[in-house]
Structures are given as structure tokens and as C-alpha cells.
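**Q** Given chain A's structure and the hints, the job is docking chain B onto it.
Residue numbers (the numbering used here), protein chains in the order written: chain A, 1 to 305; chain B, 1 to 316.
In short, the hints are calculated from the structure, not lab data.
The C-beta atom is built at its ideal place from N, Cα and C for all residues, glycine as well.
Hints are not guaranteed to be accurate.
[As the list claims (entries may be wrong)] Below, a sample of chain B positions facing chain A; criterion: calculated Cβ distance under 7 Å:
1) Leu56
2) Leu62
3) Pro160
4) Val239
5) Ser269
[Said to hold, decoys possible] Covered by chain B, per the in silico footprint, the following chain A stretches (three or more residues, Cβ under 8 Å):
6) 104 to 117
7) 172 to 183
8) 259 to 273
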Amino acid sequence: MTTPLPATAGPATSRRRRGARTWTGWGFVGPFMTVFGLVFLAPIAYSLYLSLFRDRMIGGTVFVGLENYQRALTDPRFWEGVGRVALFLGVQVPIMLGIALLVALAIDSGRLYGRDFFRMAVFLPYAVPAVVATLMWGFMYGTRFGLLGDINDALGVSLPDPLSPDLVLAAIGNIVTWEFTGYNMLILYSALRVVPRSLYEAAEIDGAGQLRVITAIKLPALRGALVIATVFSIIGSFQLFNEPSILRNLAPNAVTTDYTPNLYTYSLSFSGQQHNYAATVAVVMGLITMAVAYAVQLRGMRKEA
Amino acid sequence: MSAPAPTLSTTRSTPDGRARSAARLRAPRRRRHSADRPRRSVTLTLLTGLVLLYSLVPLVWLIVSATKTQEGLFGSFGLWFDGDFALWENITRTLTYDGGVFVRWLFNTLLYVVLGAGGATFLAVLGGYGLAKFDFPGRRAVLAVVIGAVAVPGTALAVPTFLMFSGLGLTNTPWAVIVPSLISPFGLYLMWVFTSEAVPTELLEAARIDGAGEARTFFRVALPLLGPGIVTVSLFTMVATWNNYFLPLIMIKDPDWYPLTLGLDAWNSQASTAGGEAIFDLVITGSLLTIVPLIAAFLLLQRYWQSGLAAGSVKE
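So here's chain A without its partners, still in its complex pose (with noise of 0.2 Å):
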């Protein structure tokens, strides 16, 4: 029970009872998979028809088979980007989620002074916009009016320039931090508030300490929705474009253009017109992703059997 869609059972019993099936339901179905095809099934098909073609100078668009994947696969470019997302990844990833796990088990454990001001607050910066999270950390990194200027100034120190290229993927790791802890921590907590609170009296009774009640009753009912979590979290940091692309104009020399993949197919496709190849980097890349979410995916729901 720990897809991304935990409640098949539900529907499922519920439909034994509405007996014979009908054509009714695609009325109420049907305008969402409508515009589904439109803006996702389509792209998709035709990402996967471009990245077989190339644009010549001469002789124009030609079919060139599979040429184009050949040629992603021994991209050092390419590979460099996806090196770097999945660094960020084993990296960031687990602190976020680390984070939002604690404070959600902080705040479910009803042991905190002003848990609804808690929980509200740190859920905040998801609806900060990316961009005016990076361009506020990005001022704040800054030495000239950021608080790292400050702090300098304050301490008489000089603390390491977080956008300089050898820190910049951890200056983005913070913003992405800043920005999902939140977010994360929500969905965790309102899987723990599903939790039957007799458990914990039952508990209670049999003598259990809070960290027992975290590691047998909390920590086995969260399994499902941290493997969400992180899938989602999966997607997200192969995705990385926004932050890097706006630190870019404060940052121009530590971020590259082809910085994370899908920096590389915007440039590839926006400044160097070279649609076809981004469209088969576009894949590959969705390949990787789909390939890592489920096998993650996976392992998430054997754990639990």
C-alpha cells in the first residue's frame, strides 16, 4: 500500500457493489484525459518522433535512427549535469527529508509550545516562488549587501563565497532545502495523524517510551508516505532548473549552461536551435529518472512486506 496511490483498495471494493460496468464515468473523466493527451501525451510522442531526426545544413531534417542517443550516452556534458543532480541528490535529499521527519515528529508529539504556529511557519516557503527564494538567497549570499557581508563585517571573518563554483551546488542545496522541508513535513505529518490514537494509549500502557512509540507504531506508519516523499524528491532534484538557472545571472561563472540536464536541453534547444538532440536528451533523461523513482519505489514497498 505504498504506491503514489495507496487507496486502489478502495475504489476497487466499492465498484463490486456498483455492478455493470458502464460508459458514464468517461463523461466526468473524459475533459481531464482530454487535455492530458494534449499536454502530455503528445509532447511525450513527440519528443520520442524528434530525437530520431536531425537537422542538417544541407538536405534539411533526416531521419538518423537512433544516431542521437548514440551520441547523448558519450556526452562528458550530459554526464557531468547528471553527475552533479545525483550528488545533489544523495546529498540533499536525505537532509530535507531528515529535517521534515523530525520536525513532524516533533509537532505530532504534542510536546511543543505553539504547535499550530510550528507548523505553519516552517510549511511557508513552499509558497515562496522559486525565483524569489533564489534572488533572496541569492542577495543574502551575496558579500555586498547580503548577510554574509554582514556577518563578515560583525566578525572581522571571511567566511567561503557560497557562490563561487566550488560551493554553488551547495548554495543551491540550502535554497531547495529552504524551500521542500515544509512541504515534506506536512505530508509526513498528516500521515501521522491518521495514526489511531489508541495505539499510543495501548502503548502507553504496555510501558513504551516516546522513542519506542517513534520506532514501532510512527516511524512503520510513515514508510508510505516518506517513500512519496522521496520520489517526488527524486524527480524534483533531476529536474533542478529553476534555481540554478536564476543564480545564474549572479553567478555566471560558477553556473554553466549545461550546469544540470535540463539546463543543458534549454540551452541546447533555446540559444543553440538544436531541437532534435535536446528532445533525445530530454528522454534519456526521463528514462533515468523513471528507472531510479521506481526501483526506489520498490525497495520502499519490499521494506514494508
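**A** Chain B only, in chain A's frame:
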């Protein structure tokens, strides 16, 4: 069947209150502090307070900075106010700079949100209801396709979507932003789970027996029960549309059709272009004006969307 208590989704009180009073009815408290009423902890509050600070300090910085002149931004400590309080002046200048283009961007954003997020919510409510309450040929395929497509990186679709929309002559028009915003797979999923819990099938059958058509049954019987779910989905689609950057970035070239996010980015990059005027004070004040409506919506409607999320999103 993982039958979640259907009352969760239809009651409008907060989940905490409900759970607590239910527990109290079941077992009378013997001690002052129990699993139900734990002792408050100063240490835990302080530790969690670190995350709270992390979340709020940038927002405080933004509010404080919006009150400063450009010189003040450079010359004063970031987290405290400068001598002259220039907030109102900054707001006026933000709204009037470059012939009031910020107001134009605000209206564009509102247009995209009303049509995009509004449409997305409507389609998700209809679709979620269809999936939850009807069995129809291809139902399983619909589920499989939608779930599968969610895993496809949205931005991976950008290039072909751009080329398709360009072929249809839709790029550089509002439709290029609105039409893709109409689809919210997360919203569909949320409404599907929410509907299966909040709308009893028996009620629908009763309405049909009384002779109501499908449309009437939906609008008169089901829709009124879906309130918290609809609020939740519309807030989340609203955030997605209001904050959207990538889609308008590729679709819109004409600054007259920019949403706020793209406009702010343009103002910010203006400083690094040759001969461009640096307007960091306006970027900062504009940023503050951009986030205020969403934060207000979340705070004002929190009772509804939080119960909708608890009932719908991640039930075991």
C-alpha cells in the same frame, strides 16, 4: 481494504481536536500527562525552533529589506531596519516603474491563476469523482497512464510542448501558459481519494433512484461534500500556477505577457546587462508583493486545506 474513517474527511474541525476528543471518550484520563496529553518540552521546542528560524529568517530579511532604499540595502545590517523607512515609497515605485509594468504582470499572473488553476481544479474534481465513483471501460488504463506520466519529468516535456504550441501558433499568448496548467495529476489523485472517502455511494444511488441525472447528482449531492478537498486542490494548483517560472520562460517572449516570476527575474538580470539600471530595491519589494497573496491565502484557509490534505493525500 484500507478503509480510512470516512468521518475524517467530512468533519471540518482540525484533525487534532477530533482525535483527542475521540480518545478522551474512549479512555478516561488517569494521569495529568498521558500519550494523549504529553508534557510540553522546552528543549524540544527550542530544538525545533532552529528549523523555525531557518524557515522564517529569509522572510524576515525580505520584509526588512523591502523597507530600505537602495543605498540602505548596501549600507545597513540585513536583519535590522535602516534609518529611513522607505517601504511605502518602494511599493509606489515598484507599482509605477516602467509605466506600471509590475501591475500588468500582476494581472497576467491573476489571469493565469484564475483560468489555469481554476480549470485544473475543475478538471481534477470531475476526474477524481469519475474515478472514485464509476466503473468504466479503460479505467485501469487511465490510472496507469496518469501515474506513469507523473514520473516523466515535466520539464522534459518542455521542448516538444514548445514546438507543438509554436506549430499551433499559441506561443507568446496566454494560452501557452494556461493550457498546460490545466492538468494537475496530484490534484486528480487527491480528489479521487478524497471523493471515495467523503461521498457515500449509497447517497448517489439514492439520488439516482429519485430520478436525478448524473450531472444533477454530481452538482447537487456530491459537490457540497467535497469542500475541503476542493479548497486543498485549488490552493495547491494556485501555488503551482502563481509560482510557475519554467513554462512561461519558454513560452512567453513578450514582456507584456510575463507573469510576476518572469518579470522579477527580468528586473534582476537588468542590473547585469550593459547600461541597465540596477533596481535591487524594486526586485526585493516586488518579491515581497508577489508572495503576500499566497501566504495570506494559506493562512486564511488553513483549517480547510489542512483537513483536506490529512484526509486525502497520504492515507495508508
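**Q** So which hints don't hold here, by number, going up?
**A** none
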